[in-house]
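Number of protein chains: 2
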Amino acid sequence: MSKAIVSREQDYSQWYNELVIKAGLADYSAVKGCMVIKPYGFAIWERMQRALDDMFKNTGHSNAYFPLFIPKSFFSKEAAHVEGFAKECAVVTHYRLKNSPEGIVVDETAKLEEELIIRPTSETIIWNTYRGWIQSYRDLPLLINQWANVVRWEMRTRLFLRTTEFLWQEGHTAHATSQEAVEETLRILDIYTEFAEKWMSMPVVKGVKTANERFAGAVDTYCIEALMQDGKALQAGTSHFLGQNFAKAFDVKFLNKEGKSELVWATSWGVSTRLVGALIMTHSDDDGLVLPPMLAPHEVIIVPIYRDEEQLKKIMEVVSQINSELTKQGIRVKIDADDKHSPGWKFAEYELKGVPVRLAIGPKDLEKGTVEVYRRDLKQKQFVPQDGIAPHVKNLLSQIQQSLYNKALAFREQSTVKVDDYTTFKEVLDKKGGFVLAHWDGTTETEEKIKEETKATIRCIPMDNQQEEGNCIYSGKPSKQRVIFAKAY
Amino acid sequence: MSKAIVSREQDYSQWYNELVIKAGLADYSAVKGCMVIKPYGFAIWERMQRALDDMFKNTGHSNAYFPLFIPKSFFSKEAAHVEGFAKECAVVTHYRLKNSPEGIVVDETAKLEEELIIRPTSETIIWNTYRGWIQSYRDLPLLINQWANVVRWEMRTRLFLRTTEFLWQEGHTAHATSQEAVEETLRILDIYTEFAEKWMSMPVVKGVKTANERFAGAVDTYCIEALMQDGKALQAGTSHFLGQNFAKAFDVKFLNKEGKSELVWATSWGVSTRLVGALIMTHSDDDGLVLPPMLAPHEVIIVPIYRDEEQLKKIMEVVSQINSELTKQGIRVKIDADDKHSPGWKFAEYELKGVPVRLAIGPKDLEKGTVEVYRRDLKQKQFVPQDGIAPHVKNLLSQIQQSLYNKALAFREQSTVKVDDYTTFKEVLDKKGGFVLAHWDGTTETEEKIKEETKATIRCIPMDNQQEEGNCIYSGKPSKQRVIFAKAY
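Taken in sequence, the protein lines are chains A and B. The opening position of the first sequence corresponds to residue 1 in the numbering used here, with each subsequent residue numbered one higher. The opening position of the second sequence corresponds to residue 490 in the numbering used here, with each subsequent residue numbered one higher.
Calculated directly from the structure, the hints in this document are not laboratory data. Model, not experiment: these values are computed from the prediction. Worth double-checking, as some hints may not be accurate.
Stated by the list, open to error - Estimated spans, in silico, between C-beta atoms of each pair:
| no. | chain 1 | residue 1 | chain 2 | residue 2 | range |
| --- | --- | --- | --- | --- | --- |
| 1 | B | 829 | A | 59 | 47 to 55 Å |
| 2 | A | 307 | B | 669 | 27 to 35 Å |
| 3 | B | 645 | A | 260 | 25 to 33 Å |
| 4 | A | 387 | B | 857 | 55 to 63 Å |
| 5 | A | 338 | B | 913 | 58 to 66 Å |
No residue lacks a Cβ here, since even glycine has one placed at the ideal position from N, Cα and C.
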């Protein structure tokens, strides 16, 4: 299979699909809208999971596991939630198959009394369970997360970005007071921000969603929004303050210190395998994936260049030495001394796979005591003495991590414009995309009309947004602040 | 809630259920047959996952993720597999709900053309995918594992031991030769054995299943079998050599080094959250859970005993010091200085939760420079100098780990008997249970009759079984070896 992929300029969407497939990140499956996450893609997700899981645990959260199935009736219990989620979902109606002359068929005698829904999100089943777990203030706060698969029946899907089944984490916490729940919501938003910026090298804007874009059942939805290279926004994580909505719907009360019964306060929050898509779209180039070292399955690939077994043996002595020095520094290294493929094939392969640093060692390097060091993000090559290679690489990796962030931030800044009239607004969205900062009159009606006419949505109202007087670009009505508009994934 | 649980002698089955619920390991859910894994139970599963995952990765395996849904037609492709799995399973028939005067109902216009089955195991969808991934010998071996939820519609369920939905890992490997695939099957069996014996302190017998107990679609099923305290066997893990059955069914071929097309050889293997049930049943006692330190979420709980804030402050200085010494040794410690509960409540709680070692420090210990060290498995208390407490505890933990194994092994040895006639066979099974070593004529017919009459099944034919002449206890026909019979979970 050729390793060349179409360029971003030629066809951004095709570039993305080809990259995902050819770099071995994911594959289409036999089930419409569902993807297979291949080992290399899954290894990136595992690194994301580990980092996030550590952050959740360090802030007092524990993991648990709730059922895949949700009784249909649960969806009717929270009025707003039902509108948002009880629509496009997978419905289990039977529990048995049988043989028939036409082959295997559904056994009509094995029909469920109440249909089961594959969870699109787990608030309902979790709050139904919390009722049994929470009696007193002593049981609060309850800080629980789960790593799970969820299903939302999507008509138009994209690998990683929008799939019918996807993997995610969903946190569900219960608190004695509104203030504690809001603090939790924002604590998680900070964790998501730190993860996006530090681990993914992906700058994000923290903000709050408008009523229209709010999670079904939430009082407030906070989010982090990133900007992709094609000028489209991507919601990378959300954290919801749910008020007492689910406690009311599922009758979850606790006795406070004074012995008085009160409804419990709630939050929920999640990020998904969609982040892998965001990571790809933030940094990658026309030669393939570019990975920030902290999330790369291998930070360094070492390729020995040899003509025969004897040469290989000598080179491998140096390779082993370097490998052990790098590993001692905590660097994740892979050695590819395999004779199934040529060095040229391997170079192209690891380029495509976005390994941050490649070391090549050939006979000439043996003579000179050097290593060829190749930096994937800038495509720069240099020869470095074998002596002191480990600190050199360590330093290079942290430079790459920072440099990717800086580059993405510079791109976002270039792509963020203030606009004060609707004609320019439409022009910018059509030609350049990006984040458009504009005044909005605060109504859902205006928001929806703008969406209808331009496909742009309000991504968020940034936290600590600067207050300034202005007029809505659409209605001309007075406005006190700009919000971020963009076309989005 | 009272912490007392019924004794094993009184009602073993109730003892198990009460222990699981009261120790906070799991809970029943609103969905029939599905459980909620609570944080404490999930933390044990996470430790199991981490240990197994490391072993898989150290032997060259990678994780990936395949869809939850399997098209119904896939089950018909492998003749034996369909009989075993296309029966009691969850069937998705629709993909939308809608509002109606009666509330939310299934939208009959949103019916799937082909029903989707929630995976009971993933051989079919994985081998359908492997067809696209394997072209040449260069693509082999393919060593993939996934951690996932699966669903088998069970009529009679038990927390952890048998639930409609459960969590597991399923490995699916592809090889160029039969020999390599068999080696892989046995390599995994060894990993499972090492995990059971070293981490779970649970002795197991390695063996091969009879044709009757074989995985549907396998050429050979290998297993590890453990013995529970009530004399019933529990299958703790299986590793299958699948021959070329799935390669044939899904047309997966590769070009060998000579350029000739051949069918690929396969294995699959899995362990599940059932292991948590096995762990509980192997070591626990009438006071609650007993955990081997290597799998305990906390190996040590420290409880300060104090009358007032001033005392607490002084004691916490010592507690912090001890905590830091233990943590430096890599020991997982929890401190419970919480004033929501009394020391008595805490002692009972951690007893029930099976924390291997409890340290209590009160005012007298401050004076004397001692710590009260309590060992959960033997319920032994002693006073130990604060000086040198870390190496003392470290040593104690490894003693406990070993001692639990020894005790379980001694129990199994006591509970393993050779029997040569059918009357005694039935008597032993009725009164004492355990592993019964008996001659069997090798036919499925005899095996099924014995099962019908006694509920005992052949757990396995042990690996490297001693060959000896004898007569089948049921048919009297000649036999060359004894096999292990037992009633099983």
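Item to check | Hints violated by the structure (numbers, ascending) | outcome: Numbers 1 and 3, in rising order.
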